[in-house]
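A.B. asks: Heads up: the sequence lines are chains E and Y, in that order.
Mapped onto this note's numbering, the consecutive letters of the first sequence carry residue numbers 2 to 498.
Mapped onto this note's numbering, the consecutive letters of the second sequence carry residue numbers 25 to 790.
Calculated directly from the structure, the hints in this document are not laboratory data.
It should be emphasised that the depicted structure is a prediction, and the values quoted were computed from it without experimental measurement.
Ideal placement from N, C-alpha and C gives every residue a C-beta, glycine not left out.
Chain E stretches covered by chain Y per the calculated footprint, using a threshold of three residues with CB under 8 Å from any CB of chain Y:
id : segment
1  : 44–58
2  : 117–129
3  : 151–164
4  : 231–243
5  : 393–404
6  : 460–471
7  : 480–492
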Amino acid sequence: MERSIRFRLNETLHEIRLSGERLALDWIRGEAGLKGTKEGCREGDCGACLVLLGGLTGPAGASAPEAGGGMEWYSATACTLALSDLDGRHVITIEGLAQAGLTPVMSAMLDEGASQCGFCSPGFVLALTGFLVSGRHIDPVAAMTAVEGNLCRCTGYGSIRRAAVRLALEFADLPDDLPGRLAELGRRGVLPPSLAALMLAAPPPAARPPSPSTPGAATAATAASAATVIGGGTDYFVRHPDPEPGLQTVLVDQTPAARRIESLQADGADWLELGAAVTTSQFFASAAVQALVPGIERFADEIASPPIRNRATLAGNIANASPIADLTAMLLALDACLVLVGPAGARRLLRLDQFFLAYKKIDLQPGEAIAAIRLPAEPVRFNFEKVARRARLDIASANSALAVRLDGEGRIRQAVCSAGGIAAVPLRLAEVEALLTDALPSVELFREAGRLAAAAGTPQDDVRGSSVYRRRLLERFMWAHAIRLWPQLKLEKALFS
Amino acid sequence: MKHNFDFIQNLLGRTVYIDDLPEPANLLHAAVFTSPSAHGSFAGLDLSAALALDPTVRVLTAADIPGQNQLGTAVLDEPMLAEGVWHFRGQVIALVLAGSRSLARRAAAAIKLVGAADRPAVTDPRVAFARGDLILKPRTQRWGDSAAAFALCHLVVSGRADSAGQEHVYLETQGAIALPDDSGGVRLMSGTQGPSGVQKIVARVLGLPMNLVEVETRRMGGAFGGKEDQASGWAALAALGAFATQRPVKIYLSRRDDMTSTGKRHPYSSDFRIGLDKDGKILAFEADYYQNSGAACDLSPAIIPRTLFHAAGAYHIPNVRVTGYLCRTNLVPFTAFRGFGGPQGFFVIEAALDKAAAALGLDPVELRRRNLLREGDVSHYGMPHEGVLATETFERCLARAGYPERRAAIQEYNRTNPASKRGLAVMPVCFGISFTKMMMNQGGALIHVYNDGSVGVSTGATEMGQGVSRKLALIVARALGVSQTAVRVESTRTTTVANTMPTAASTGADINGMAAQLAATEIRQRLLAFAAASLQLDPASLTLRDGQLFADPEPAAGPLLSFAALVAKAYEGRVDLSAHAFFATPGLHYDLATERGCPFAYHVYGCALLTVTVDTLRGRYQFDDAIMVHDTGVSIDPLVDLGQIEGAFAQGLGWAALEDLRFDDKGRLLADTLSTYKLPDGHFMPRLDVEMLQRPNPKAVANSKAVGEPPLMYGIAGWFAIADALRAARPGLELAYDLPMTCEKVLGLLTGDLVPAGPSGGEAGR
Ligand SMILES: Cc1cc2nc3c(=O)[nH]c(=O)nc-3n(C[C@H](O)[C@H](O)[C@H](O)COP(=O)(O)OP(=O)(O)OC[C@H]3O[C@@H](n4cnc5c(N)ncnc54)[C@H](O)[C@@H]3O)c2cc1C
Ligand code: FES
Ligand code: FES
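Isolated chain Y (complex conformation):
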């Protein structure tokens, strides 16, 4: 079959998400009561109005938790239900259960705090830093001697770069269903990227051993990192409800609750300093990244190193000093989002290059070209770059875009249009693949061949639309020599493959695909050995392909047996038709003390060129063309990979230009619904032209490369393309490197109006 069964079901509207599952008769619906401000304390809750609404209403608080009230993983600093104090707006204080969802929501709205008092709140990471409020010790990576190198530079520029956070807007909000189990534990259906992570948290909260908590994830309606760690709390709340009532409980957040109470991409505020020689070669770079980590640790300690690892972008810099600070603020705990700290790092180095190019009077495209990574260059964390495709993807991209001519055409357009200006930017990418937390680079797979020849594959990978199931099915089908239709990829369950890692860091197909390939190969070998023995043939001469067994010297002789018949015989012959396999990414090592090592299995390269037209009368813009050349390795499924490239780019472009995630100084998220938070729509997107550069990658399954995150960086070009157009309108314009480049900023920069620090939060009604 040409197509993925999942995608067919999607289009037929038959795909089942959490809220679509059949509801048990005695199901209770959950809603949450959350904190009203960024920081405060309370003495208790007045539940009278909520309980009076309906006899089914039940309210659970921290006191009802049988185990530990703790969601933290790296640091135990995040209670599931606030006890006496809250640290951010939207922190869950009570779980409300009722017979219907709207009743539960109305009951939650009827709860009142008793003895509540606000406390001072910090929302700015630099303020938190100044107060010494860091979640963990800062991390610094050094290479060469940047301080000494600056002295030798022809030009040194420094500046500040700020990037806002980003809401995931997975279209399916967070949700879970928990069922009490007669073992005394719970079973959960959870929309999570990491079922084992949910299992661990639920067990902890309920005070149960992990083997009494079973978690299943069929799929998610989008996740993008937002359901890596942060699905656990919602699942644990449902589990608590089910445990306390011994009834099934479903939680499915409203969009507003989801946007208010769940983590997002980290806002960063950074300082940079870059030094170059007179030819524009970068000699030294320093940066300090003040990560707004939010009120709790969450995944921040794993995100900061990814920023540091990508501090140099796709460039070779011989002298580097970069430091990341995890600043604790009274905002929602920020979390994983596709790119995982990488985009924030890329924005800073691109800002530094932009500023340097302007100071040198050099074409920014040329400046970037001169500094691209080359084969054998050693990164600032001591990893030699192998199989570097930076220059190749860059040159291909420029050629595809017709670069010098395109630039000339833009200049001509700008000369003749007083109220409209075009701009262009190019964005090379080099992105490291592997979890930055080393122990996470492991995965397992369990394959069953049923005795009719059909195949079931389980791994730790979760499907969220990224097509990992499709890739797993193709890998296993290839390894077993059967058609893809014979392979079903199962939902991800903690009872089938245990101790899995969340599907994240672009590694879902790499790690789980490799484990599945190992398991499939194991079964294939057993089948071939059995066939050889029973047919009395040399095992080396036998192959399985297209669902048939062949004896190879004479393929023309036709198949010996069908796969199904072989399996049936093997079953009778008491051959084990199931196999479990385990894969741990080889070759990784990292020394935290020296910040040196080889944290990545390999790197992904690519380049994008983006053009934009700015309406300088109204301060609006429209992106025109995006040309991308992306290093996919040998693509397991080009259609899936193309979708990942385009989709990631759109998210990056949204982050760079459109998505306006702002908090006021009281910690209130200003855009907390889709009517106020705007993400890319079809009209926003430019024409897309993607070339996949398919060079075999021996470091990953089937010579492929991971694809989920790297193309997101291309979107950063959106910021710089607009900046380029603004400079055409106002030559010599000084820019603040402040992302996203919203229409408001565009007009403010064009007119010279001061852009105020932030809105005070008035009426935003329609």
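Bound-form chain E, shown alone:
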């Protein structure tokens, strides 16, 4: 099936015809000939292929962007990005930044010696530039977080850190609004002024057909045609680094409606509903999510890396059905429900814990897609635990989330506890939940929870940990839940004596 896509690459408009899906990285390096975007791993783990993506956004219902107000910019790895996903977007590569010579980001890195072999350098320049474009807080810590998706094997990061700190201090006073910021970055040479101006303008309208009225329905309808559904692509393209020629994909509908996070009353309950295209970054940044799950944003940095979070959808995390998926573990503890839509628009509601049938087998009928994820609207106390071999940008050895609601006396009225990495599917720990319900938090209670959690599931030995280790982690996660959720009880003293 031939289709057209339309996008801006740096300062040039492109309209191309595609007969099958490809990786954006291959087109950028191949047809576009922009070799500054490097391939270091082809699986989202090194950041050498990092680009900046711009597109329209806006609150649900917003139709057209007012002058630049509706644009958003974020970093993404081109090796996990579908080429057809560029439709209606603006992509920036190192060539776009470098057209007028060294920018302040590059100069800071140069002065600090932050480039040796240079293979990682364009990725770092883009990550730091993207940070100045869209970072909420411009400070040294945030600047280093922005490069957590970038590996460098040469420098040891000392020089990169010094450059990042310098930039964060030098640009601490950037305006908060995107138009103001882009103008300022253009003035100060971080972006070529002509590029900065284009980054504010709406990208070319997408060539794909207009979005449907029922979010998810279009996705589902096309999915029925044996095309593959792609959300952010951060799982799919890791599993298929060399897509078959002629691969047909359907991108999860990315309209504002599909990216909504909104309260609603439906099917006899109050919910916070998340559209199918809600990304990990968006989820953690959402005020509504934070109001429902206070403190959840603390865990954002433990998931993947900024460029991956910017793309990875919650729905993709669920549908991928990895037993170790972090967002799934969180959503399980939050007692999420899925809204599934079939080819003919048929809807059904399914509790998330019923969605996983066996290893990588899910209750999704042919042509069905996840149209939305719903969270019960009553606020919870929440903790998430993950241990991976590396603290950042690594898949967990095991994970667990616990959400509790307390009564007036501090008794646990309701507890939902999930665990990942100990079975073929993400688990809910029913015995732990039963133990905690109606109990008062205490050392003994959580020691027992630890024993139960450690005995749960059927953990395997693999590169991310032995079964013994995973069981032990689960025990420790229960202790950690207690210590974090009831800091005033100072449980660590008793647990470690």
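For this one, chain E is given, so just place chain Y with the ligands on it according to the hints.
C.D. replies: Leaving out everything else, chain Y with the ligands in the frame of chain E:
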């Protein structure tokens, strides 16, 4: 210009690596079909599905090799394409060519083995040793009489230390482009540390004389030893493809192929015995190093001696017996990796000291201090140590770290935090500079001064990010008295400077810099002689500096001529504006029979102190501070050297704590992609505080010192800092000296869970 042009290009994204070169129109892409298990045999290949994919697909096997099917250098034991048998998982069996890379990869995936059968495989070096399967004879170094000395010791402890291998993860994977040449030979662009080595192998494989094979290396996106010998096979495959098809062929490995099929740092398993007097002075040390050499020899015979040379670490030990065994296993042939056997040796002596300190009840820092090398101490291979900076760097490091106070603060922290413990370790280093294989300590340079005054420098050095080009440009600019911007460092080509050594052993700038300095000095002298003659001045009174010619008694009089004008005149005057020079490191000698001599031009010293906080609830850790005092000599470019120190340290720290290179007992690499193999990222790294101690070093160019490898050893402190924190959590804890200290081991040690021998290799999906 303040900055290196290369680095500016990097940041602008304009640097061209192998895969970025313009592709010729008729280019074929290569992929490889590799062995599926650690050891096995096959009768043939079923190519039908692969060939059916596309008419451009072509498959080449050992039978298509016109010359010798052999990649080995020290020992001829490594076929380029397996013939009938394979000896490790990932061994290349067939080369697949096609019109696009993805097509080539898909065609490779469609090849099937015919009549394949697995054979028993050995992955453990001790098992190989027990079976007598050694690649070469063991090597033993002896000094004094360790057996007799143990009898006199107050304390003798022994133990075992294991260190895992390490994947290089150069961000640019292995690659090469081969072009058929109308001479009947081939031209190659190769991502190699050693173009002459590639030339030799390609010539051998194609059955050509070396003069029909031209190899050029512009740069590499990282190498770290992984492209010293092991770039040759990939280049030779591309060359074979180009030779057979008479079309250009490019090979650029996917990360997974690269990780599966290329060598890494050698895993070692070692036994040690150390004896001390009651004051904690080491009297005797013995060790046996079982090097897991992998399935073929590769550079292993040069790596074992570097382990032995560094067996005593930065300490003086009067009685030593150390033996290294090259154990053949069914794993990928292990190869050079920054440090080259040194780190494995350092880990063992540090483990021995750690164990001794615990047994003596002595502060490990104090125990190390008492045994540091001093001026004139003679090493266990008979080389007197000169210009020793062990104590000075050690004391400076402790002072910089505020040592006794820091220790006290850690103790206080540990007293008040039940679920979090801090630890500290100090790591002194003494590292010998020169190739351990003596003949390799030679290099050449060719300098052209063009008739407009611009300068081109060629040497055998290859640029892989370590800044050797920058150093060469500064050395030549200084020698010619011109600005650095006038000097271009050329790509490394076998037709320009021949018979070069790989850029390795930290010697790139030392050897090639010296050769370049000699060549530049030669041209400078010709120019000055010409100027003196034509201006009728005393040659001794003339100097070249800042791109100008001065007559020295009266510098105030201003320049006589610009360098460019002088060069133009010299050209008219028929002066040779090019010079070749050769340098062989002087003073080296070594007797293999007695294992005595002077194998190093000099040693590099330094010390690091590292602190860590261990979350004893979850078994995670975060390194806090690394303080390093490093002996750089007079640094040619401090920014480059600082980058080398920090970068090497990060690799060492990754090896010691994080990078989990494990094979299952079937020889399968468990972490074969970057999603499973984790190396340091920015968050992993502690705060870095580096002091460069700049004492002139008369033994190297411009009083500098080599810097590439020695700081890697500092990372070993990471293992011992965690161990220190674990002992704070569990006083008296017995540790297995098993590197890396992963989170899993940390929690296992804290809880007393048995750490199983190794995973069986289940699903590692996301
Ligand atoms: C470098 C890297 C690091 C990562 N780190 C983590 C981590 O720390 N924790 C973690 O949990 N995950 C991690 N992941 C995995 C991945 O990013 C997440 O699982 C992500 O949420 C997947 O979302 P996606 O939108 O990119 O999925 P995609 O790749 O687009 O899709 C994944 C699967 O879901 C299907 N699918 C997508 N959307 C729908 C829908 N609406 N309805 C039905 N089916 C659908 C697709 O067909 C596909 O099979 C990482 C990935 C990478 C590349
Ligand atoms: S190539 Fe490594 S993240 Fe894309
Ligand atoms: S400079 Fe080489 S990987 Fe970063």
